[in-house]
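Trainee: Each chain is listed here by its residues.
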Amino acid sequence: MYVGGGLLLFGAVVIGVVETLFGSPHAVTGEGQIVHETLVPLEVRSFIILAGLLVWLLYAVYKLTSADPPAATPEPAPETAD
Amino acid sequence: MSTQTSHRLETQLLGRDVSVTLSGPWTAYWIRFLSFIMGWYFLHAGLDKLVNWPFDAGWFVGGAAQASILAPIMAPFAEGAGLAFVNVAVPVGQTLIGLGLIFGGFTRVAAFFGAFLMTFFYFVNGPGGAWAHGMVNGDLLALLLFVTVVVFGSGKVFGLDGYLRKTAVVRNHPRLQYLLG
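Residue numbers (our numbering), protein chains in the order written: chain A, 1 to 82; chain B, 1 to 181.
The reader is advised that the hints may include incorrect statements.
[Said to hold, decoys possible] Covered stretches of chain B, going by a simulated chain A footprint (3 or more residues, C-beta under 8 Å):
id, stretch
1, 120 to 128
2, 131 to 141
[Claimed, not checked] For each label pair, taking beta carbons as the anchor points, the in silico distance ranges come out as:
id, chain 1, residue 1, chain 2, residue 2, range
3, A, L54, B, P76, 15 to 21 Å
4, B, W40, A, F22, 38 to 44 Å
5, A, F22, B, R171, 55 to 61 Å
FYI, nobody ran anything at the bench for these hints, they're computed from the structure.
On a predicted model such as this, the values are computed, not experimentally measured, just so you know.
By construction, the Cβ of each residue, glycine as well, lies at the ideal position given by its N, Cα and C atoms.
Take these sequences, add in the hints, and give me the full structure.
Mentor: Have a look at this one:
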């Protein structure tokens with residue numbers, strides 16, 4: 001849970017701050033032409049963010065298959081007249 | 001009978017008490033509203049492709065994707081039977097995801113596949129220009145909003161999942177609740 005979010009924050013935000021201050025805040029132009037003077041290649045940032053998403057996915061699969069199942073929704077009690 | 005509107009959520013993160021008080025009505029309303037908007041986002045995208053059939057994803061899978069980190073896993077779908085599958089799966093999938101979120105049926109499954117599709121849109125559209133203002137863009141936010149729906153669910157709020165949860169199948173297999181809202 002924390003690792004997935006940490007990787008996503010690192011790839012998107014932390015490296016984004018570094019690029020904004022010291023590198024290229026606009027690594028891609030509107031026409032899709034990649035500007036190459038980034039400190040961290042876009043592919044590396046992409047893989048870091050993708051890794052974060054995959055960690056979340058693995059955690060979700062673990063919860064789905066290994067953790068205790070949630071309590072069943074109780075059957076509604078029949079209404080009684082009083 | 002009194003109706004409690006605020007609820008204390010007792011929990012910890014990283015060993016620290018981070019309990020929060022949530023407004024019950026606002027929480028239910030907001031996750032339902034969010035699901036509805038995300039549902040229309042994808043239902044519109046799916047119906048738009050189906051109404052204007054045929055849909056050809058070749059420019060995306062075979063073209064734009066080649067500049068992304070997902071190129072290796074998308075290459076088999078760039079032509080032939082793989083592309084034919086994508087041409088049907090994307091519009092039909094978007095439509096079903098949209099319907100699932102709007103009507104609150106199999107909400108978490110729908111939202112998961114919404115996030116799954118947005119992962120491809122994010123990494124393929126990015127190098128093509130969608131990262132012109134940084135890597136946090138609409139595609140990533142939509143992906144995270146789908147994840148938000150997966151985390152919180154919403155099908156119980158005026159949704160079909162509220163009825164599905166009460167069926168004998170789900171009561172006998174509580175793990176199925178993870179797939180509902």
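Trainee: Confirm or reject each hint.
Mentor: Right, here's what the structure says about each hint:
1. 120 to 128: holds (count 4)
2. 131 to 141: holds (count 7)
3. A:L54 <-> B:P76: 15 to 21 Å: holds (19 Å)
4. B:W40 <-> A:F22: 38 to 44 Å: holds (41 Å)
5. A:F22 <-> B:R171: 55 to 61 Å: holds (57 Å)
The structure fails none of the hints (numbered hints given earlier).
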